[in-house]
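**Q** Here's the letter readout for the chains.
Number of protein chains: 2
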Amino acid sequence: MSLVVEQISKKYQDKAVLADVTVSFEPQKIYGLLGRNGAGKSTLLNIINNRSFASAGQVLLDGKPLTENEKELNQIYLMSEDNLFPGSMKVKDIFKISAGLYGTFDWEFSTELVAAFELDTNLKFRKLSTGYRSIAKLITALCVPCDYIFLDEPVLGLDANYRDLFYGYLVEAYEKRPRTFIVSTHLIEEITNLFEEVIIIDHGKIVLTDTVENILRESNMISGPREQVESFAEHLNVVGKEELGGLVNVYVSGELHQAIPENITVAPVNLQTYFIQLTKGKKGI
Amino acid sequence: MSLVVEQISKKYQDKAVLADVTVSFEPQKIYGLLGRNGAGKSTLLNIINNRSFASAGQVLLDGKPLTENEKELNQIYLMSEDNLFPGSMKVKDIFKISAGLYGTFDWEFSTELVAAFELDTNLKFRKLSTGYRSIAKLITALCVPCDYIFLDEPVLGLDANYRDLFYGYLVEAYEKRPRTFIVSTHLIEEITNLFEEVIIIDHGKIVLTDTVENILRESNMISGPREQVESFAEHLNVVGKEELGGLVNVYVSGELHQAIPENITVAPVNLQTYFIQLTKGKKGI
Chain A
1 MSLVVEQISK
11 KYQDKAVLAD
21 VTVSFEPQKI
31 YGLLGRNGAG
41 KSTLLNIINN
51 RSFASAGQVL
61 LDGKPLTENE
71 KELNQIYLMS
81 EDNLFPGSMK
91 VKDIFKISAG
101 LYGTFDWEFS
111 TELVAAFELD
121 TNLKFRKLST
131 GYRSIAKLIT
141 ALCVPCDYIF
151 LDEPVLGLDA
161 NYRDLFYGYL
171 VEAYEKRPRT
181 FIVSTHLIEE
191 ITNLFEEVII
201 IDHGKIVLTD
211 TVENILRESN
221 MISGPREQVE
231 SFAEHLNVVG
241 KEELGGLVNV
251 YVSGELHQAI
261 PENITVAPVN
271 LQTYFIQLTK
281 GKKGI
Chain B
1 MSLVVEQISK
11 KYQDKAVLAD
21 VTVSFEPQKI
31 YGLLGRNGAG
41 KSTLLNIINN
51 RSFASAGQVL
61 LDGKPLTENE
71 KELNQIYLMS
81 EDNLFPGSMK
91 VKDIFKISAG
101 LYGTFDWEFS
111 TELVAAFELD
121 TNLKFRKLST
131 GYRSIAKLIT
141 ALCVPCDYIF
151 LDEPVLGLDA
161 NYRDLFYGYL
171 VEAYEKRPRT
181 FIVSTHLIEE
191 ITNLFEEVII
201 IDHGKIVLTD
211 TVENILRESN
221 MISGPREQVE
231 SFAEHLNVVG
241 KEELGGLVNV
251 YVSGELHQAI
261 PENITVAPVN
271 LQTYFIQLTK
281 GKKGI
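Protein chains in written order, with the UniProt record's numbering: chain A, 1 to 285; chain B, 1 to 285.
In short, the hints are calculated from the structure, not lab data. Heads up, some of the hints might be wrong.
Note that identical chains are pooled: a pair holds if it fits in a single copy or bridges any two copies.
[Said to hold, decoys possible] Straight-line Cα separation of at most 20 Å, DMTMM-like style, residue types lysine to aspartate or glutamate; simulated pairs:
(1) K241 x D164
(2) K127 x E81
(3) K280 x E118
(4) K124 x E81
Remember, it's a predicted structure, so these values are computed and weren't measured experimentally.
Excised from the complex, chain A in its bound form (with noise of 0.2 Å):
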């Protein structure tokens, strides 16, 4: 079973919010989906678990098209920032709702995720402060029995104890039932040992999916006078640079074939700081 997003575009009032977007996602692996504000996440998010419909295009659960197929899309949960169930609701009405939608649920994983982060499942879904509303959508998240799970910001909100917590049962939910997580992000660092693969979306267009192990390998800073820099950058994929005073910082991918000259230093690069580089032009397709 694979979810493949297929040539998805999508316009709103003519500007293109998503062009040509196709990317899928393998059984049992942790991805993470990365863009920046206004990159076309969400969008992308909503029309794979058929809230929002694609200007063209389809997404394929194991070949059939799911906006044809109810039972298909069962397979799949979207977490996201919209809130799918009315303020007034209970938390603990929302997990016995989720239980009953998807089949069944983890009540004895959801029990302890409710101890861990001290969450009171009486208070309705409005009285939660951001934090504990994202908590209570991620308990939910991680104790449907789905195969796809997207998880859209899951630690928004959160103070960095419990963001560390989160990390550490995302990990224990995938080892009990393997499944496919998809993870987006602004807190790249502190996930990225987690991601199995990165997709970055940039400007409404998928801008490099690869392994995290690939891109960690291949990114570079290298650091030196502008002029033997550039030089030696000239047959490489430069993805950013930075200039202080005559001094230049290139970000590059790939390899480096060349001997390393005096003047010059070469520095790997963590995730953040890669997609930074990459992603810190204007917006607009």
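Start from chain A and add chain B according to the hints.
**A** Frame of chain A, contents of chain B only:
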């Protein structure tokens, strides 16, 4: 002019949310107000801004209680997770109404900020994503003429580029017209160097107020075999502890007067780590 919170307590249904909170904010300083999810931060901010009432205690601006003084209250602005304007209102109209409510508005600066963050001010507030809602709110907060600006989670949902942009503009706003900013955030590390003082709230109580300089100078992690570390830390103020087999990390605050024995390493601690250690216990006053 100074803003003093005097012995504020707050109960919800017999549960103490704030207990005897006393803290003062001096003119023209940038404060960090740090606390875990559920620590009582938002309740405190709402009381200071007259959006919620204290069970006991008072808030004084220049010695006068704020509850009796609408004019003084106008000197205080709170950017919070609550949306005070109808979702159907366009962003540009939120700016206009804020200008009317607070007397003036820095239109030149807001134009610069709108361009930098690529915010479409013709959009209705509810059409904005979480990140762009934060952007619309923080632009308003940086452009009203108030002397005390509370920013509750200003970077909620912002990507890393935009978070950096905001930190830069906060400094610029402060330098152009020094005023008091009180910033509440869960992303402590990336903003530490902007804070002059830090206030830490935990379980509804103020547990620390100090300058960042003092906290960083006096905070250390002591690592090594359990017995030696415990004996070394005996007369120090221990704020947290981690065990890893026979080895322990003990986090302490205060000056180290003794010589450091062999086997033991002492390393400085950053503000986020210090905060995590100080507040990692269970909730409940």
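**Q** For each hint, tell me whether it holds in the structure or not.
**A** Quick rundown of the hints versus the structure:
1. In the homo-oligomer, the alpha carbons of K241 and D164 lie at most 20 Å apart only across protomers (16 Å), although the nearest pairing inside one protomer, at 32 Å, exceeds that limit.
2. Proximity of K127 and E81 under a CA criterion of 20 Å is satisfied in both settings, with 16 Å inside one chain copy and 12 Å between copies.
3. For the homomeric pair K280 and E118, the shortest alpha-carbon distance between copies (13 Å) is at most 20 Å, but the shortest distance inside one copy (38 Å) is not.
4. Both within a single protomer and between protomers do K124 and E81 lie at most 20 Å apart by alpha-carbon distance, with minima of 17 Å and 17 Å respectively.
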